[in-house]
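Please model the complete structure; the sequences and the hints are all you need to start from.
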Amino acid sequence: MGAVLDKKSIEAAVAARVGNLFAPSQRVSQQPMATGIPTVDLLTGGLPRGCITEISGEVSSGRTSFVAAVLAEASHSQECIAYIDVTDSLDPATMRQAGVDLDRLLWVRCGGKLDQALRVADLVLQGGGFGITVLDLAGVPPQWVRRIPMAYWFRFRRAVENKPCCCILVDQTPCAGTCAALLLEMHRDETVWSGPPEFRLLTSVRFNVRKKKPMGLQECAFESRAETGICNVSVTRGPRRVAPASRRH
Amino acid sequence: MFACVHAPGLPEEQSCALVDLAFSFSPRVEARMPDTVLADITGTGYLFGPPEKAAARLAEEARRIHPEPRVAIACNPDAAVHAARSFPGATVIPRGKEREALGFLPLDYLVPSLAGIDEARSAEILSTLRSWGIYRFHELAALPMPGLAERLGPEGVLLQKLAQGASLRALIPVRVPPGYSASADIEHPVDLLEPLLFILGRLVHQVCAGLEGRALAAAELRLRLRLVDGTEPLLPVRLALPMRDPRLFLKLLELEIAKHPPQSPVTALFLFADPARPRVLQKGLFTPIAPEPEKLELLLARIAKLVGPDNAGAPEILDTHRPDAFVMKRFTVRFPGHEPVRKKAECSLGFRIFRPPVAATVDTLDKRPKIVATRPSKEQKTSVRGRVLTWAGPYRTSGDWWDANPWARDEWDVVLSDGGLYCICQDLQSGSWFVAGVYD
Numbered sequence: 001m002g003a004v005l006d007k008k009s010i011e012a013a014v015a016a017r018v019g020n021l022f023a024p025s026q027r028v029s030q031q032p033m034a035t036g037i038p039t040v041d042l043l044t045g046g047l048p049r050g051c052i053t054e055i056s057g058e059v060s061s062g063r064t065s066f067v068a069a070v071l072a073e074a075s076h077s078q079e080c081i082a083y084i085d086v087t088d089s090l091d092p093a094t095m096r097q098a099g100v101d102l103d104r105l106l107w108v109r110c111g112g113k114l115d116q117a118l119r120v121a122d123l124v125l126q127g128g129g130f131g132i133t134v135l136d137l138a139g140v141p142p143q144w145v146r147r148i149p150m151a152y153w154f155r156f157r158r159a160v161e162n163k164p165c166c167c168i169l170v171d172q173t174p175c176a177g178t179c180a181a182l183l184l185e186m187h188r189d190e191t192v193w194s195g196p197p198e199f200r201l202l203t204s205v206r207f208n209v210r211k212k213k214p215m216g217l218q219e220c221a222f223e224s225r226a227e228t229g230i231c232n233v234s235v236t237r238g239p240r241r242v243a244p245a246s247r248r249h
Numbered sequence: 001m002f003a004c005v006h007a008p009g010l011p012e013e014q015s016c017a018l019v020d021l022a023f024s025f026s027p028r029v030e031a032r033m034p035d036t037v038l039a040d041i042t043g044t045g046y047l048f049g050p051p052e053k054a055a056a057r058l059a060e061e062a063r064r065i066h067p068e069p070r071v072a073i074a075c076n077p078d079a080a081v082h083a084a085r086s087f088p089g090a091t092v093i094p095r096g097k098e099r100e101a102l103g104f105l106p107l108d109y110l111v112p113s114l115a116g117i118d119e120a121r122s123a124e125i126l127s128t129l130r131s132w133g134i135y136r137f138h139e140l141a142a143l144p145m146p147g148l149a150e151r152l153g154p155e156g157v158l159l160q161k162l163a164q165g166a167s168l169r170a171l172i173p174v175r176v177p178p179g180y181s182a183s184a185d186i187e188h189p190v191d192l193l194e195p196l197l198f199i200l201g202r203l204v205h206q207v208c209a210g211l212e213g214r215a216l217a218a219a220e221l222r223l224r225l226r227l228v229d230g231t232e233p234l235l236p237v238r239l240a241l242p243m244r245d246p247r248l249f250l251k252l253l254e255l256e257i258a259k260h261p262p263q264s265p266v267t268a269l270f271l272f273a274d275p276a277r278p279r280v281l282q283k284g285l286f287t288p289i290a291p292e293p294e295k296l297e298l299l300l301a302r303i304a305k306l307v308g309p310d311n312a313g314a315p316e317i318l319d320t321h322r323p324d325a326f327v328m329k330r331f332t333v334r335f336p337g338h339e340p341v342r343k344k345a346e347c348s349l350g351f352r353i354f355r356p357p358v359a360a361t362v363d364t365l366d367k368r369p370k371i372v373a374t375r376p377s378k379e380q381k382t383s384v385r386g387r388v389l390t391w392a393g394p395y396r397t398s399g400d401w402w403d404a405n406p407w408a409r410d411e412w413d414v415v416l417s418d419g420g421l422y423c424i425c426q427d428l429q430s431g432s433w434f435v436a437g438v439y440d
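Residue numbers (the numbering used here), protein chains in the order written: chain A, 1 to 249; chain B, 1 to 440.
No wet-lab data here; the hints were simulated from the structure. We treat Cβ as the ideally placed atom computed from N, Cα and C, and that holds for glycine. Where hints are given, some of them may not hold.
[Claimed, not checked] Below, in silico cross-link-like pairs of lysine-lysine (DSS-like), each with a Cα-Cα straight-line distance of 30 Å or less:
1. B:K305 with A:K163
2. B:K251 with A:K113
3. B:K295 with B:K305
4. B:K305 with B:K251
5. A:K163 with B:K329
6. B:K329 with A:K113
7. B:K370 with B:K305
8. A:K163 with B:K295
9. B:K53 with B:K97
10. B:K161 with B:K53
11. B:K53 with A:K163
[Claimed, not checked] Quick list of the computed label-pair ranges, beta carbon to beta carbon:
12. A:K7 with B:K53: 54 to 64 Å
13. B:A408 with A:D115: 38 to 48 Å
14. B:S383 with A:R146: 11 to 21 Å
Structural data, given as structure tokens:
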């Protein structure tokens with residue numbers, strides 16, 4: 001009883017300055033951000049703003065293609081993008097090919113230093129102003145990612161809360177836990193080649209996107225697997241570098 | 001109308017603050033003495049009100065520089081100077097009343113340099129006047145001009161005009177300096193950052209006050225440190241946009257000093273600011289969010305301190321076919337509406353580059369890769385190992401053969417048994433294999 005009275009007195013004392021101290025913060029509903037891939041937009045309703053979105057998958061599962069599509073859509077909306085690249089593996093040429101405006105892209109190369117990347121992500125998210133902040137942990141071994149204290153993800157979630165920006169984590173295995181509002185798991189479905197074996201050309205790759213979070217919608221997605229549960233995203237391969245694609249044909 | 005501000009005993013190094021104060025009231029300012037400035041405030045009645053109000057406001061502003069400033073407003077510039085140097089507080093001399101207002105001042109208060117008379121000649125004339133029993137302004141003003149001219153020459157007449165408050169001369173305006181600066185000599189050399197920032201903070205505020213007084217901002221800051229060993233390292237801070245925030249400047253300078261710490265204790269600081277017109281921006285209701293330029297500068301400086309200045313910025317692809325050819329340029333906020341919106345390209349396959357490429361051992365069969373295995377090393381932790389399930393290639397690329405640094409390689413796209421879709425390359429010059437990256 002005494003504890004309850006103390007809580008009330010504390011609330012009354014600080015109400016003028018910080019409002020209702022112990023009440024859960026109200027989340028401001030914001031328009032989600034389009035991913036640039038219609039089928040994924042149908043599945044997820046877009047990436048939620050003010051939240052953490054986690055994209056996980058193995059090597060060659062389509063995470064970078066998906067992120068490039070999201071960044072291209074954000075560039076099209078004239079938003080600024082921060083890309084925190086832990087393993088220094090971003091390819092600017094394919095990003096530009098995907099439609100990303102490189103002038104709006106703040107690329108931070110951390111050279112494999114995970115602690116630096118986390119500090120930079122904290123600075124960027126606390127500073128605000130970027131429509132999308134991508135923390136690319138895809139090249140970091142999962143055992144290292146799992147060692148990141150959960151306090152980081154809670155801090156990042158708090159930093160983007162009620163702000164009109166998206167925080168995207170790209171990794172091999174999910175690590176943000178309850179802090180991620182949307183968790184997409186990706187798999188490579190099929191690799192499409194063209195031409196006879198001696199003149200074979202990589203044409204396209206099909207990826208599967210599976211929504212694993214929020215839990216309520218996951219069951220719906222599985223029930224309607226053919227339509228929205230697992231959507232096939234056909235990603236067409238373009239030239240990977242500045243050189244014309246015809247050079248390799 | 002002329003307004004004069006006199007700060008008795010003001011050190012010469014602070015005279016620029018007095019000039020900046022005068023510039024905040026008028027664009028025409030004369031500063032012939034270090035402790036006195038004269039401003040032409042003709043036509044500023046709509047801005048500052050009647051002369052009494054203008055004098056009070058000027059005195060209030062001048063109290064930031066000197067505890068007891070003296071302000072005078074008169075229609076004659078020399079009368080304003082004499083009044084400011086003689087009467088405490090704020091004084092307003094109405095038109096035509098200069099002679100009465102200054103009449104009871106002793107001749108010691110006369111400033112002959114205003115009439116262009118050198119010190120020796122003025123001392124000689126004043127000595128003669130005293131020998132005649134002339135001790136005050138009104139006594140000199142009452143002397144007959146022809147007789148005065150016969151006995152003391154044209155200098156005597158000029159002094160009489162000064163005493164009458166009726167001199168005729170044009171203002172000699174100060175030219176706007178190309179840059180703003182502040183400096184501080186440190187008595188005991190400082191080797192710690194905290195006390196150095198304490199001194200630097202005063203200089204930054206001084207420079208910002210000067211810029212604010214003329215409605216300008218800084219496009220670049222340059223900090224020069226004088227060290228005990230005699231060297232003077234220069235630390236420039238280039239700003240993406242003109243700014244005028246002393247707290248931001250101090251933080252940027254702190255990060256710059258931390259990035260290039262001085263090798264020995266500091267004995268003096270010199271801060272320069274290049275002036276520029278401040279940024280004027282009309283924001284729109286539907287403008288997408290973007291980092292505020294001031295915050296962005298600080299953010300980029302902090303990130304650069306963490307990861308290095310070459311590892312943060314906006315990538316710019318070079319005009320070459322060489323793989324992974326790009327440079328990092330400074331990231332700046334581009335405002336919508338100022339550039340055409342690019343048409344969005346179709347969804348393309350992502351690629352993750354291994355920097356540097358991972359050296360690999362490739363077993364071939366019929367000149368086609370069959371098994372790929374990377375050699376683990378301390379620098380490169382990426383491990384790729386597997387049997388080639390499907391391949392496409394080789395695709396030969398080459399370039400710069402006319403240059404000193406040519407390149408030529410065969411590229412293969414392979415699906416390995418570990419599930420990855422990689423791009424492996426063979427350098428045609430050395431014959432070595434490496435994994436360039438992975439499609440993702």
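Each hint tested on the structure:
1. B:K305 with A:K163: Measuring from Cα to Cα gives roughly 26 Å; hence the hint holds.
2. B:K251 with A:K113: 25 Å, holds
3. B:K295 with B:K305: With a Cα-Cα distance of about 15 Å, the restraint between K295 of chain B and K305 of chain B holds, given a limit of 30 Å.
4. B:K305 with B:K251: With a Cα-Cα distance of about 12 Å, the restraint between K305 of chain B and K251 of chain B holds, given a limit of 30 Å.
5. A:K163 with B:K329: 28 Å, holds
6. B:K329 with A:K113: Within the cut-off at roughly 22 Å; holds.
7. B:K370 with B:K305: 45 Å, violated
8. A:K163 with B:K295: Distance of about 16 Å is within 30 Å: holds.
9. B:K53 with B:K97: 19 Å, holds
10. B:K161 with B:K53: This hinted pair holds, its Cα atoms lying about 28 Å apart.
11. B:K53 with A:K163: 47 Å, violated
12. A:K7 with B:K53: 54 to 64 Å: Since K7 of chain A and K53 of chain B have Cβ atoms about 56 Å apart, the given range 54 to 64 Å holds.
13. B:A408 with A:D115: 38 to 48 Å: Holds, since A408 of chain B and D115 of chain A (Cβ atoms, about 39 Å apart) stay within the stated range.
14. B:S383 with A:R146: 11 to 21 Å: 18 Å, holds
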